[in-house]
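Student: Sequence:
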Amino acid sequence: MPRSQRSPLLLAGLLATAGVAHFANPRQFDALVPRALPGTPRTWTYASGAVELALAAGVALPRTRRTAALATAAFFVGVFPANVKMAVDWRDRPAPQKAAALGRLPLQLPLVLWARNVANNGKGRA
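Each number in my numbering comes from the position in the sequence shown (counting from 1) with 1453 added on.
Hints in this document: simulated from the structure, not taken from any laboratory.
Possibly wrong hints are sitting among the right ones.
[What the hints assert, rightly or not] Taking CB as the label site, the calculated pair distances span:
#, residue 1, residue 2, range
1, A1548, R1516, 40 to 50 Å
2, A1527, Y1499, 17 to 27 Å
3, A1500, L1566, 19 to 29 Å
[What the hints assert, rightly or not] Computed list of lysine to any residue pairs in SDA-like fashion (alpha-carbon distance at most 20 Å, straight line):
#, residue 1, residue 2
4, K1538, Y1499
5, K1551, W1567
6, K1551, D1483
7, K1538, L1558
8, K1538, L1562
9, K1551, R1459
10, K1551, F1533
11, K1551, L1566
Since this is a predicted model, take the numbers as computed values, not measurements.
Note that the Cβ used here is the ideal one computed from N, Cα and C, for glycine as well.
Generate the whole structure from the sequences, applying the supplied hints.
Tutor: In structure tokens, the structure reads:
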């Protein structure tokens, strides 16, 4: 399978895995929800997990791929504050955990670019 055909499926797999993780182990995601958001962290955890699952399905299907991939790029930008919160909250943790939290920050850019690339490669396809 060519890379251009694998890329959307890999992105869909990443989104699906993250979405399932929000339901399988919600407590770890609850801690990342910025306090400024209204409602309970668990509501945001489940909502973001459901969005990731919906985006995964959309990216996996050629008919909805372009729109879903663009929405995925926007989603990755939208969850960036949670990654910032994690980096701030974990600043006093052991070095490996601190490194993981800080490493997530620059990782958002390649994720956004990946989703945009999937959207652009899906142009004109039915």
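Student: The structure should be examined with respect to each hint, and the outcome stated for every one.
Tutor: Outcome of the hint check:
1. A1548 - R1516: 40 to 50 Å: 46 Å, holds
2. A1527 - Y1499: 17 to 27 Å: 19 Å, holds
3. A1500 - L1566: 19 to 29 Å: For L1566 against A1500, whose Cβ atoms are near 25 Å apart, the range 19 to 29 Å holds.
4. K1538 - Y1499: The hint holds at about 18 Å.
5. K1551 - W1567: 25 Å, violated
6. K1551 - D1483: 18 Å, holds
7. K1538 - L1558: 10 Å, holds
8. K1538 - L1562: 17 Å, holds
9. K1551 - R1459: Judged against 20 Å, a Cα distance of about 32 Å means the pair is violated.
10. K1551 - F1533: At roughly 17 Å apart (the allowed maximum being 20 Å), F1533 and K1551 satisfy the hint.
11. K1551 - L1566: Violated: K1551 and L1566 sit about 25 Å apart, past 20 Å.
When each numbered hint is compared with the structure, violations occur for hints 5, 9 and 11.
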